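Chains as they are written, first to last, in this note's numbering: chain A, 1 to 436; chain B, 1 to 436.
Everything labelled a hint here was simulated from the structure, so no lab data went into it.
Here the structure is a predicted model, which means the values were calculated and not measured.
A hint or two may mislead.
Here are the in silico distance ranges between beta carbons for each label pair [to be verified]:
id, chain 1, residue 1, chain 2, residue 2, range
1, B, A212, A, P103, 25 to 31 Å
2, A, A122, B, P228, 18 to 24 Å
3, A, G261, B, V310, 42 to 48 Å
For each residue, glycine too, the CB sits at the ideal point set by N, CA and C.
2 protein chains.
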Amino acid sequence: MRRLLGPGGRDAVAVLLVGDELLLGSVADSNGAWLAQACTSAGLRVAGMEVVPDDTDLVATAVRRRAGTVGTLVLSGGIGPTSDDVTRQALAEACGCPLVRDPEAEVAISGWFAAHGRRLPAGALRMAERPGCARMVLNPHGSAPGVAVELGGTQVYAVPGVPGELRSMVSAAVLPDVLARSGLLRPTLSTSVEVALLGESAVSARLADVEAEVAGDPAVDLAYLARPAHVSVRVSVRGEDPDAVRARLDGLVARTEAALGSDVMGRDGVSLPSVVLDLLLARDETLACAESLTGGGLCAALTSVPGSSVAVRGGVVAYSADAKRDLLGVGPGLVAAHGTVHPEVAEQMAQGARARLGTDWGVATTGVAGPDGLEGHEPGEVHVAVAGPAVLRSRTLQLPGDRRRVQRLSVAHALDLLRHCLLAEGAGESPRTVDR
Amino acid sequence: MRRLLGPGGRDAVAVLLVGDELLLGSVADSNGAWLAQACTSAGLRVAGMEVVPDDTDLVATAVRRRAGTVGTLVLSGGIGPTSDDVTRQALAEACGCPLVRDPEAEVAISGWFAAHGRRLPAGALRMAERPGCARMVLNPHGSAPGVAVELGGTQVYAVPGVPGELRSMVSAAVLPDVLARSGLLRPTLSTSVEVALLGESAVSARLADVEAEVAGDPAVDLAYLARPAHVSVRVSVRGEDPDAVRARLDGLVARTEAALGSDVMGRDGVSLPSVVLDLLLARDETLACAESLTGGGLCAALTSVPGSSVAVRGGVVAYSADAKRDLLGVGPGLVAAHGTVHPEVAEQMAQGARARLGTDWGVATTGVAGPDGLEGHEPGEVHVAVAGPAVLRSRTLQLPGDRRRVQRLSVAHALDLLRHCLLAEGAGESPRTVDR
Chain A
1 MRRLLGPGGR
11 DAVAVLLVGD
21 ELLLGSVADS
31 NGAWLAQACT
41 SAGLRVAGME
51 VVPDDTDLVA
61 TAVRRRAGTV
71 GTLVLSGGIG
81 PTSDDVTRQA
91 LAEACGCPLV
101 RDPEAEVAIS
111 GWFAAHGRRL
121 PAGALRMAER
131 PGCARMVLNP
141 HGSAPGVAVE
151 LGGTQVYAVP
161 GVPGELRSMV
171 SAAVLPDVLA
181 RSGLLRPTLS
191 TSVEVALLGE
201 SAVSARLADV
211 EAEVAGDPAV
221 DLAYLARPAH
231 VSVRVSVRGE
241 DPDAVRARLD
251 GLVARTEAAL
261 GSDVMGRDGV
271 SLPSVVLDLL
281 LARDETLACA
291 ESLTGGGLCA
301 ALTSVPGSSV
311 AVRGGVVAYS
321 ADAKRDLLGV
331 GPGLVAAHGT
341 VHPEVAEQMA
351 QGARARLGTD
361 WGVATTGVAG
371 PDGLEGHEPG
381 EVHVAVAGPA
391 VLRSRTLQLP
401 GDRRRVQRLS
411 VAHALDLLRH
421 CLLAEGAGES
431 PRTVDR
Chain B
1 MRRLLGPGGR
11 DAVAVLLVGD
21 ELLLGSVADS
31 NGAWLAQACT
41 SAGLRVAGME
51 VVPDDTDLVA
61 TAVRRRAGTV
71 GTLVLSGGIG
81 PTSDDVTRQA
91 LAEACGCPLV
101 RDPEAEVAIS
111 GWFAAHGRRL
121 PAGALRMAER
131 PGCARMVLNP
141 HGSAPGVAVE
151 LGGTQVYAVP
161 GVPGELRSMV
171 SAAVLPDVLA
181 RSGLLRPTLS
191 TSVEVALLGE
201 SAVSARLADV
211 EAEVAGDPAV
221 DLAYLARPAH
231 VSVRVSVRGE
241 DPDAVRARLD
251 GLVARTEAAL
261 GSDVMGRDGV
271 SLPSVVLDLL
281 LARDETLACA
291 ESLTGGGLCA
301 ALTSVPGSSV
311 AVRGGVVAYS
321 ADAKRDLLGV
331 GPGLVAAHGT
341 VHPEVAEQMA
351 QGARARLGTD
361 WGVATTGVAG
371 PDGLEGHEPG
381 EVHVAVAGPA
391 VLRSRTLQLP
401 GDRRRVQRLS
411 VAHALDLLRH
421 CLLAEGAGES
431 PRTVDR
C-alpha cells in the first residue's frame, strides 16, 4: 500500500522551498504539501524536500546537490522583483550560465501590469531575467514568469511562491512538461472517491477489506488525503494493458464506494458545495442561507463555485436574536423559551430564509463558535437545519476545535444535511425528521 | 539588508522533518514553522530545514551532511515504536555507535503506560533504545523519549513528530539545553509592519531609502512576506546592547511606517478584519454587511475573528436584483437605469444594511466575480461602498484573477475602504466622496 520513497529514478522529484520567512517561522508553508500531493497524483514520487534561505550561494549549492539525483527539481519562491529574490541568480550560478534579459518575458511582464491597470514598478523587469541556457515558463495568474532549465539530466523548474500562482503554473505547465519529457506515461489510471465528514481512521476501517486485497500489490496504490471534513480516497492502478488496468480500477472503486455508502459525495475532486449545487441545478431549484455562528461562511462556500448564482439567491447572516426575528421571522416566543442555540431556531431560520428569498430550499446554522460560551451552551454546540418543499430536518452536533474549525465543520454539516435531503426527496423519503 | 541564514555558527540550527507522509502530501507539516518560530524567538537562527523519508540510510546521510555545519540539529518524527520509525537507528549509523537499551528509559516508558492505564504494547520498549554514545531526553507528554547526542561538534536532538509532544519537549528540554551549552543569548528584536493591498514590488519601492540604509548591515534584516492583499515587512535587529538594539529597531520601524503612510494597517500580525473590528470596538459602534459578488465572504472574514459578534450584527447576501430590492431597499429605478453593477447600487446596499440591521456602519459589495460577464460588465469590475453615521463612500475597482481571487480582493478592498472611513471620521474628514 505504501509507495516507495527514495532518491533516484526519472519519476523522482525533489522540492526546494526558498524563503527566509519559512525559516523564521513567520509563515507556515503550504506549498510543500500541495506540491507533494500534485506530484503523487501525477504518478511521480517526491524523494525529498528542503527549505533554503534567500541566499544565492545556499540555493545554488542545494540545486547542484540535487541535480543528477532526481528526474525533476522544483524550486518555489524567490522569483519576484525584490532584492531578496535570489532564485534566478542562484540558478545562473548553479548552471554556470550568466543571466540574460528575455525579451518575450519583458513583454509579458509589461503586458500583465498594463492589463491590470498598474504602472510598471521599478525593478519589475528583473523578473524577465533567466540563465542564458534556460527557458521561461508563462505565469497565467501573476507577473513573475517561471524558469526551466536542464542541469545534469535533471529538469529544474523555478515557480512562484505565492500559492495561487504556484498551483496554476505547476498544474498547467510544469507537470505536463515533466510527464512529456520523461516519457513516464505508463498506463496509470486513478480515481478519487470523495467522502464527506468521516475521519481518515474511520474511512480506513471501513475499507479494511479493500486494503487487505491490495496490500503488497505494486500495481495498486490506495492513498488517503485528509482535509477538514473531507477525505479523498485515491485508487491508482498501473500496468501495461490499458483494458486490464481500467477493469481493475473500476472493480476497486466500486468496492470502495459500496463500503462507504452514502458518505460518498462523488468522485474526482467534487466538494460538498459543488455536489449540492449540482443537485439543485439538476432539479432547477433554488436555495437561500440563514446563518448565525457561520457568519456568512456557508453562503460564501456555495458562492465560491462558478455558476452558483443560478441556484443560490442569497442569504441572511443574523447574529443577534433581533436580527433573527426581523430578517428571518424566528418567533420571539421560541427564543424566549429556549434561547437562540436550539434546533427549532435553526429550523425556523431555514424556513425564514426560504420564505424571505422565495426559494425552494433554505439551509440554516445556529450555535456557539467560541471561544466563549453563549446562553449557557458550550462552544461547539451547533444546530443545522434544512427546509424544503416537503421536508424540514435538523441535526444537532457537538463539534471539536477552535472557532474557525467549529465554523468550518458547521458549514460542512449544513451542506451534508442538505445533500442528504436533496437525495432523499428524490427517493421519496419521509417529510420531517430531526436528528438529535 | 538580509539576515544571514547561512550555515555555520553556534547559533545556527538545522531541522530534519522525518516522515513519508510529508512527502506524499497526505499531511501538511506544522512542526517546521513552529520550530523555526521557537528557535528564532530564542535568538537562534534556523539555517536550513529538510523533509526526509522514513528510510534509515537517507536519514543517516542527512544527519552526517548537517553535522559540523551548525551548532544544533533537530530531527522530528520517527522515534515511535513501529517498524517505520527509523530515526534512532539512523542516529546510530550516523554516529557509528550501535543501539543499546537504556534502563532508565525502559522504566519511564513502562511507567507512562501504567500511569495512563494502558497495557505495554508489543515493541514499545524499542523506544528505550539509543546510540551507546547518546543520552535520553524525557518526554513529559508522551511515551516516546527523545535522544540527544554530539556529532562533529553539533548537538543533535531527536524529538517526537506528534506536535504537542514536540512542542513540550523542545520548549522544556531542548532549547534550554542548547542555550546553556552554547553560551548564546544575544538580544534580537523584531517588529512586523502590516501593509494592506499593496504588492510586494510597490512596498519595496516605497522603502528604497530604508533598504539602502540597511544594505549590507549584518545586524539588520528587512524581510517581505506577501500574502493575498497583504504584505508584512519584518524588521529585525541584532546586537549586544539591548537598549541600542531597541533604539535602532524603533527608528527603522518609524521610518518604514512613515514611508508607507496610511497603507499601514498596524503591527505584528494584525489583519484587515481584526483592524476594522478593533476600530469599531474602540468606538463602541456596530456594523452590517450587504454582499452581492462576495456571497458571504465579507461577513465571514469579519466573523472569523473571535469576539466579532459584539460589533458585527450580521448581513444580507443579495445576489439577485429582487433580493437587493426586497432585503436591502435598493431602488428599482436605479437598477432599471444602471443595472446592479454600479457604485450607487453599492452605496444603497450599504445604506440598506445599516438601516435594516440598525447598525452604525454598513459595508457593501457588488460586481462581477466571473468567470462570465454580467449585464455587459467584464469579470473583475467591482464596486464597494461604506455608509456611516456621517459618510457615504464608494470605490470602483477592476480586479485581476479568477473568481475566488476577485471575491477575496473585493472583500479586502471593502474592508480597507471601511478602515479608511473609520480613521477619517475620527479625523473629521469630508462626508461624501466617491473614488471612481
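Verification of the hints:
1. For A212 of chain B and P103 of chain A, the hinted distance range of 25 to 31 Å is satisfied, since their beta carbons lie about 30 Å from each other.
2. A C-beta distance of roughly 23 Å is found between A122 of chain A and P228 of chain B, which places it inside the suggested range of 18 to 24 Å.
3. A hinted range of 42 to 48 Å for the beta carbons of G261 of chain A and V310 of chain B is consistent with their spacing of about 43 Å.
Going down the numbered hints, you'll see the structure goes against none, and every one checks out.
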